Amino acid sequence: MLNLTVSNRTNLSSLPRVIALRGPSTSGFIAAVMVTFLIRTTKVMRGLRGCAEIIDVPVRKLVVGFLIAGGVGLAAADVAYSPPLGGMTISVPAGQTRAFSMPLLHFPSGAGAVVDRVAGVGATHLDIAAANWTPAAFSQATNPYYLRLTSGASVGRTLMVSGTANTPSRLFVSSDGVDLNLGDGPAAGDGYELVLADTLSSLFGTSTLQAGPDANSADNVLIWANTVWVNYYYNNVNNRWQRSTDTVASPSRDNFVLRPDRGFMITRRANSTLNMYVTGRVPAAAGRPVHSRPGTSFLSLAVPTDITIGDLALHTRLAGWKTATDAASSSAADRLQVWSSTTWTIYYLNNSGNWQRNTDIATSPSRNGVIIPAGRPIMISRVEAGSGATTLISLPINYTLAN
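Residues 287 to 689, numbered by the working numbering, are exactly what the sequence shown covers, in order.
If you are wondering where the hints come from, they were derived from the structure by calculation, not from laboratory data. Since the model is a prediction, treat every value here as computed from it, not as a measurement. Treat each hint with caution, since some may be false.
Lysine to any residue pairs mimicking SDA-like chemistry, simulated, CA-CA at most 20 angstroms apart [said to hold, decoys possible]:
1. K608 / S578
2. K608 / R653
3. K608 / S680
4. K608 / G639
5. K608 / A618
6. K608 / T631
7. K608 / V624
8. K608 / S626
9. K608 / N640
10. K608 / G672
11. K608 / V669
12. K608 / R555
13. K608 / A671
14. K608 / L598
15. K608 / S538
16. K608 / D540
17. K608 / T629
Computed beta-carbon distance windows for the label pairs [claimed, not checked]:
18. N522 / S617: 36 to 44 angstroms
19. T492 / T645: 25 to 33 angstroms
20. N557 / V534: 53 to 61 angstroms
21. A397 / H601: 39 to 47 angstroms
Note that beta-carbon positions come from the ideal geometry of N, C-alpha and C, so glycine has one too.
Construct the entire structure; sequences and hints are all you get.
See below:
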């Protein structure tokens, strides 16, 4: 059993992102209870496949300092519910490669209205009335932020804050090629939160992964860059994160962002198994990422629970999903790929509406019940062009967080 100790007076916003393991390693989702002020009752949600119990603790005046900083107030008699918190183990055996995503979320942070509602929308910016932000506070490359929409048509969508300096009431974001002012984009009145993003440096530091003088001797973090893999590692000669192709003159990659809506892979070159435990909030809403059409995207499923390929049902969530008659013709179809420790397992949707492997024969069983483990990202390959709203995916969420 993994032993995780959390103080019952810990401010939720101070929960560390990475916690050292004490005891044998484990995988999957482990719930952790965080209690701040006056505990009224405790409700336990059970039955989520692929995860442990999620414990929801209602408290009075939850994290008052955090709520005031975000421009949100609570009356003395109000009862607020702490979001369920949990942790996931990232484990990579020596000499192997594993795929991961980060579905557990940081808490909003920063000065001014870090939790509020949108007042106005442009193609690449959001306006928030009386946000009272410090100019350029959220647009620093050394402290990257993302904005996550918490209600409205685009709930669950993640928007990276761009390098264009924010004003006291306007925030510029990267739209991933899908303008914000489209019909299903964010609108006035939609909720949002501003969150400090994970980077190579903030998540892994200098010693969590094996460092080395070059990429061949160090652990590698692999990032999908639309058409190719880009390898990052910690260089212990230059004392910084680098790409495998970098020279001394290249810039540091310490602040490269590990987006919560994308996947990444780790290749372990050390002689021991990597075990690191990552904590965060359980998301209350499904993800809404952007994917390439045509092209291949490596995406987080945005929930810390197992899900079957049949329940994921990508063909019902994406316009124009192209099917195939059989495995022989599946290379011309849209495909779902899942990393299975040593190789990619490729699935396609046949004309009968069942998911199959690209190696299946006519008598092979349906693969609808194949489980994608909690935290495992997926690759989606689309063969036909699309733009705008057709590149947004409304991912499923297979649990409900009770108030």
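List, from low to high, the hint numbers that the structure doesn't satisfy.
8, 12, 15, 16, 17, 19 and 20
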